[in-house]
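So the chains spell out like this:
Number of protein chains: 2
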Amino acid sequence: MARVKKKERQQLLLQQVKEKPFLTDEELAQKLGVSVQTIRLDRLELGIPELRGRIRKMAESAQNKVKSIESGDVVGELIDLELGHSGISLLRITDDMVFAKTKIAKGYYMFSQANSLALALIDAPMAVTGVANVKYKVPVHVGEKLIAKAEIVKVRGNKYFVWVKTRNDTQEVFRAKFIMVSWGEE
Amino acid sequence: MARVKKKERQQLLLQQVKEKPFLTDEELAQKLGVSVQTIRLDRLELGIPELRGRIRKMAESAQNKVKSIESGDVVGELIDLELGHSGISLLRITDDMVFAKTKIAKGYYMFSQANSLALALIDAPMAVTGVANVKYKVPVHVGEKLIAKAEIVKVRGNKYFVWVKTRNDTQEVFRAKFIMVSWGEE
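Just so you know, the protein sequences line up as chains A and B, in that order. As numbered in full-length UniProt numbering, residues 1 to 186 make up the first sequence, in order. As numbered in full-length UniProt numbering, residues 1 to 186 make up the second sequence, in order.
Please keep in mind that the hints were generated in silico from the structure rather than gathered at the bench. There's no promise every hint is true.
As the list makes no split between identical chains, a pair holds if one copy fits it or if it spans any two.
Unchecked claim - Distance condition first, Cα-Cα at most 20 Å in a straight line; then the derived SDA-like pairs of lysine to any residue:
1. K20 to K149
2. K103 to W183
3. K7 to E19
4. K57 to I147
5. K165 to V131
6. K149 to V131
7. K57 to V17
8. K137 to R156
9. K177 to V131
10. K137 to I147
11. K31 to Q15
12. K135 to G157
Since the structure is predicted, the reported quantities are computational estimates derived from the model, not experimental observations.
Isolated chain A, as found in the complex (with noise of 0.2 Å):
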């Protein structure tokens, strides 16, 4: 990307971050064209946080909208949330997460994840899992960072079927699609 004024370079940064809150200082330099010097002045200005604290802040946020069950009952960290319609949560991939023998995650923490943030969309006091259908795509490894999207496509009843996504930083891992029961309405 060529160089532009500073003015034009900020909002393209607010931007950027607005869209993809998960980018590293090092990612949007690369993006912006920029230093990463740069990057850190521009956020200092913006008042922008750091990575870390944008996902803490967005984790805080995310973290208060759980109703169905315990936000720390979440697999992974819930980093967004809007209750009844979409979420995303983060996990990362460590040494006690895979098999001795094949150094290859254990397929249930990417079906934890997806299962638990698919239980965290619902808007109503209790949930349980009643189907699940997951497709493993690529085996995943130890320092891998996995982002799991979920959306509810429909509502029947109190049966609520929710499509979940995950992602490492380079392609799709994993899907699932729940058909989660809610009850306890008043």
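Using the hints, position chain B against chain A.
Below, chain B alone, put in the same frame as chain A:
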């Protein structure tokens, strides 16, 4: 059941323990219409270990057979394994496995038990999960002992179709169909 002679009773006991190795002395006593004390004495005479011992013995034998993953990576206790065919595992639902809010077991524990059991059946150096279709039939609570039975129903090249059915003491609570993919055959 009417009272029977000692020899017949001991035959029945041996048969029961063989068919249903998870029955407690109390349950055996009820089935054979005798006192718990009688069952204990009969077990002693016949050299049948108590329930805990029977499970431990089965578990040791089963765990030595696992090939595609480390036996420690099986969720729950692997208590029977016929490599390439079928297997059984036992999972006790404890306090830390339920949602704080609803006190219902988190669905991914049933998934993990079934999924890792399905993986343990595969007679290959390595295997991963490709697809899973699961159904939650009844909510599960603290204290329940879940027995998962898995069976390979079809093999196509390096794809294994595995069905798992999970019961608590009284009914089926969960079932799953997996397609597992093996590799690393030499």
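TODO: Just pull the numbers of the violated hints for me, sorted ascending.
DONE: none
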